[in-house]
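Undergrad: Below, each chain spelled out in residue letters.
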Amino acid sequence: MSDIQRITRRDFLKRTGQAGGGLVLAMTVTTACGPDAEMRTVTADGKFVPNVYVNLRKDGVVEIYCHRSEMGQGIRTCLPQVIADEMEADWDRIELIQAIGDEKYGDQNTDGSTSIRRHFDLLRRAGASAREMLIMAAAQLWQVPAAECEARDHAVHHVAGGHHAGYGDLVEHLADIDVPENPTFKAPEDYRYIGKSIDLIDGFAMTTGVANYGIDTQLPDMLYASIERCPVHGGKVRDFNDGAARQIAGVVDVVRMPDPTAPPFYNPLGGVAVLASNTWAAQKGREALEINWDNGPNAAYSSEKYREELLISCCNEGKLILNRGDAAAAFAGGAKTHAVEYYAPHLAQSPMEPPAATALIHGDGRCEVWASTQDPQSAQNTVASILGLDKEEVTVNVTLLGGGFGRKSKSDFVAEAAWLAKKAGKPVKVTWTREDDLRHGYFHTVSAQHLEASIDEGGNVSSWLHRTAFPSIASTFEDASTKPAVWELGLGFVDSPYAIPNMRLETGDAKAHLRIGWLRSVCNIYHAFAASSFADELAHVVGEDPKDFLVKLIGPDRKIDPTEDGAKYSNYGQSLDTHPIDTGRIKAVLEKAAEMAGWGRELPDGHGLGIAVHRSFLTSVATVAEVSADSSGKLRVHKLWTALDAGTVINPDRVRAQMEGAGIYGMSLTLHGEITAEDGAVVQGNFDTYPVVRINEAPAEIDVHIMNVDAPPGGVGEPGVPPVAPAIANAWFAATGARIRELPFRNAGVV
Amino acid sequence: MAVELTINDDLHTLDVDPQMPLLWAIRDIAGLTGTKFGCGKALCGACTVLLDGQAVRSCALPVSAAAGRSVTTIEGLSADGNHPLQVAWRELNVPQCGYCQSGQIMSAAALLERNPQPTDTDIDTAMSGNICRCGTYTRIRKAIHRAAEDRS
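Just so you know, the protein sequences line up as chains P and X, in that order. Per this note's numbering, the very first residue in the first sequence carries number 1; after that it's consecutive. Per this note's numbering, the very first residue in the second sequence carries number 1001; after that it's consecutive.
Please keep in mind that the hints were generated in silico from the structure rather than gathered at the bench. Quantities reported herein were computed from a predicted structural model and do not represent experimental measurements. Take the hints with a grain of salt, since some may be wrong.
To be verified - A few chain P residues facing chain X, derived, Cβ under 7 Å:
| id | residue |
| --- | --- |
| 1 | L200 |
| 2 | T207 |
| 3 | D216 |
| 4 | L219 |
| 5 | P220 |
| 6 | M352 |
| 7 | E353 |
| 8 | R434 |
| 9 | E660 |
| 10 | G661 |
Unchecked claim - Pairwise CB distance ranges (calculated):
| id | chain 1 | residue 1 | chain 2 | residue 2 | range |
| --- | --- | --- | --- | --- | --- |
| 11 | P | G162 | X | D1010 | 56 to 62 Å |
| 12 | X | G1068 | P | S632 | 22 to 28 Å |
| 13 | X | S1070 | P | S632 | 42 to 48 Å |
| 14 | X | D1052 | P | F185 | 54 to 60 Å |
| 15 | X | D1009 | P | G162 | 54 to 60 Å |
| 16 | X | R1069 | P | E287 | 47 to 53 Å |
| 17 | P | P604 | X | D1010 | 51 to 57 Å |
Heads up, the beta-carbon is just placed ideally off N, CA and C, and yes, glycines get one too.
Using the sequences provided together with the hints, build the complete structure.
TA: Okay, here's the thing in structure tokens:
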């Protein structure tokens, strides 16, 4: 839960460099302390500043600082919805300001679908404390009890006394008002904006070309950079010839970048940068470079060979992670057993805007960057580190992100721009090409899984063995890492909802040969693909309806705690008390999606329905896919139905949009997505070799139903993705009788 | 070498390599950043502009091919940002990250000019060169239909 940390005026001035100063409260999730009269004030320039997220001007405009990055999830609309609602501020009188990277805002890393689920109370508190202080000020002004006053419509009212004061008019009366320690939140029935589908705050800018993304920054005297990096992860420049590059018109300089580090962290990947007067000249100059590479330790990496190794790894006994009952005994006594392997390849996030950042070194040595970053504080640290500055000497301005999907949590591209700006003595914009993005990313990991189940005489699943092997994201931070991190196994592995009496979960070893990173819903993608496909396989083994079988497999209503079976489990960093693994809620979305899709109805020839349900990021999502095979055996997804339980929802339309988008993103990785490597180098380079779903493949409709559940909010940006692949796989089986256990489906010849 | 072309009704004389893709001439030289870079190979449509009314991928078209011709970018689609497509896009809250939407809207504008009442199939055919990684396709279809209705 959120608490308030007070920061002295001097601290505030030091951190922000702002003149004026005033009352500032930083809200963090960990610290608390009581009111302090010294810090109560209205700033010298006449703003009421109850906390770091809200400023109220005398003209009545409420400035709201959005400390989370906008990458399409709608947070720049949803965040002010929460604050304005609790503050009783008019939507038309708010001004949204994108916050720079600064620890005073608390966590700014926009990943893990955390913006609402971890910050809802903090945002409510920011608005509610402002509202209560405005009421206190008015009550003091009118000499009436605060309890008789009400904040409504951007004003405070004392009806009995006939008093009314607009928020702006109260600013000058707020200097002596205490910040409430525990402001009272509004009752849900009084919400004006929370739960409402408010239009996008950036809708006009995004439809008229004036929205600014990382790639759009233009500074006077700026140079444009394009960087040739070693094709093999871990390699570096041996030597290079830039003679031809320097002959290209517009090329200003050629610079060898600092060599990459091992492990890679978020540091630049090395290579050779061409600086030019425009992007085209930089790219042309780069093409003219002659570079000899030392390809390093991964030069022999072949993803095809590695696939075979990984499939072997997942078939050997692994490290025990969770143990329930006695799986071995149950296997020995089972009437039937079924054992298979699943495989999913590396993926690239490939946001439409490739990584891009611009940096400027000020005359006093301070660095200022503009970047499409999901994690401005991490960018601040990375830039400070590479330039040898204190982080307070680095300002990170957050632009809109042209998609992120996890890629832009890593600030290597921001550090490249900063390092080059210092080297060049001029502002520098680094723009990655699509080839750079697909070949030098932090890739979604490759995985192989073994699943094995026994079925007793009564047709019930009596034992379940699931073994997963994948190079860990930890390898980006620890060179020797060959084991999954605990948190990775909490993403759709140890949190299995199945009521199977004997369950054994194991992991195999796997070494990384590419940089590994987050991709929208992370390990849930392959864990849900395997577990939810395998559940469907078992339904067909016992000859039951897959939906009814799944309901039975999930079993009675209960709350699951994986630690009871010996696993470590962090529940996405939140309490199982507030965000339980609640099988009743999981089954409810399953039943709802089935109902929406008309599960059991008669289908056109060649069509099939498939269903999957998966809880991730504290939200349960069930998806039904209707697919068909055409006369040449090619797959078409006709429609998707999705039901989700995300608890309290801020903006239903944005939630629906996230589920629609997750459907398409999930389809892309199901049908097309695959990054492979030969001789250590990524093979794919652009959307011809790394195809994604286009509009002509999109379903006719993606129907979304949001369950009305009074519970704390779960995540929304990611949890729509995991059920898509198994729903399609299960539908394809229903339509054709063919089971596909490897992603992407195009390798099976059906796309 | 100077290339003369009209961008959004303004005559520009750009001193550039004639082989420079129109995209970079528009963005880096003319300073109009509404047109986006996504692939550099005419594979994703983020850079779509109108050249004498036809949708073209500006990332793969040399600026010399636009010499003496008229280019319309998202900034010039309408004077006030209220082209029926822009309005429909906002009414249906189509954008997520928004990055590809300039190109989507320009492709849709060219479609409606030649086919004022497109079917879903017409839309899919005309718009399949424009990738949206956020997955706004079902809303794009609806928004084009709505804009078509509003224009008729």
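Undergrad: The structure should be examined with respect to each hint, and the outcome stated for every one.
TA: Now for the hints, and whether the structure bears them out:
Taking 7 Å as the C-beta cut-off, the interface hint given for L200 (chain P) holds, the closest approach to chain X being about 5 Å. The interface hint given for T207 (chain P) is met, as the beta carbon of that residue sits about 4 Å from the closest beta carbon of chain X, less than 7 Å. With a cut of 7 Å, the hint placing D216 (chain P) at the interface with chain X holds, because the nearest CB-to-CB distance is about 4 Å. Given the 7 Å rule on beta carbons, the hint for L219 (chain P) is violated: about 12 Å separates it from the nearest Cβ of chain X.
Interface hint at P220 (chain P): violated, since its Cβ lies 12 Å from the closest Cβ of chain X, which is beyond the 7 Å cut-off. For M352 (chain P), the suggested interface contact is upheld, since its CB lies about 5 Å from the closest CB of chain X, less than 7 Å. The interface hint given for E353 (chain P) is met, as the beta carbon of that residue sits about 5 Å from the closest beta carbon of chain X, less than 7 Å. With a least beta-carbon distance of about 4 Å to chain X, the hint placing R434 (chain P) at the interface is held under the 7 Å criterion.
Because the closest C-beta pair between E660 (chain P) and chain X is about 6 Å apart, less than 7 Å, the hint holds. Evaluation of the G661 (chain P) hint against chain X yields a held restraint, the C-beta minimum of about 4 Å falling below 7 Å. As the Cβ distance of G162 (chain P) to D1010 (chain X) is approximately 57 Å, the hint placing it in 56 to 62 Å holds. Between G1068 (chain X) and S632 (chain P) the C-beta distance comes to about 46 Å, which lies outside the given range of 22 to 28 Å.
In this structure the hint that S1070 (chain X) and S632 (chain P) lie 42 to 48 Å apart at CB holds, the actual value being about 43 Å. Checked against the given bound of 54 to 60 Å, the beta carbons of D1052 (chain X) and F185 (chain P), roughly 58 Å apart, stay inside it. A hinted range of 54 to 60 Å for the beta carbons of D1009 (chain X) and G162 (chain P) is consistent with their spacing of about 57 Å. R1069 (chain X) and E287 (chain P) have their C-beta atoms about 28 Å apart, which leaves the hinted 47 to 53 Å range violated.
Range check, P604 (chain P) to D1010 (chain X): Cβ separation about 54 Å, and the 51 to 57 Å hint holds.
The structure does not agree with the numbered hints 4, 5, 12 and 16 stated previously, though it agrees with the rest.
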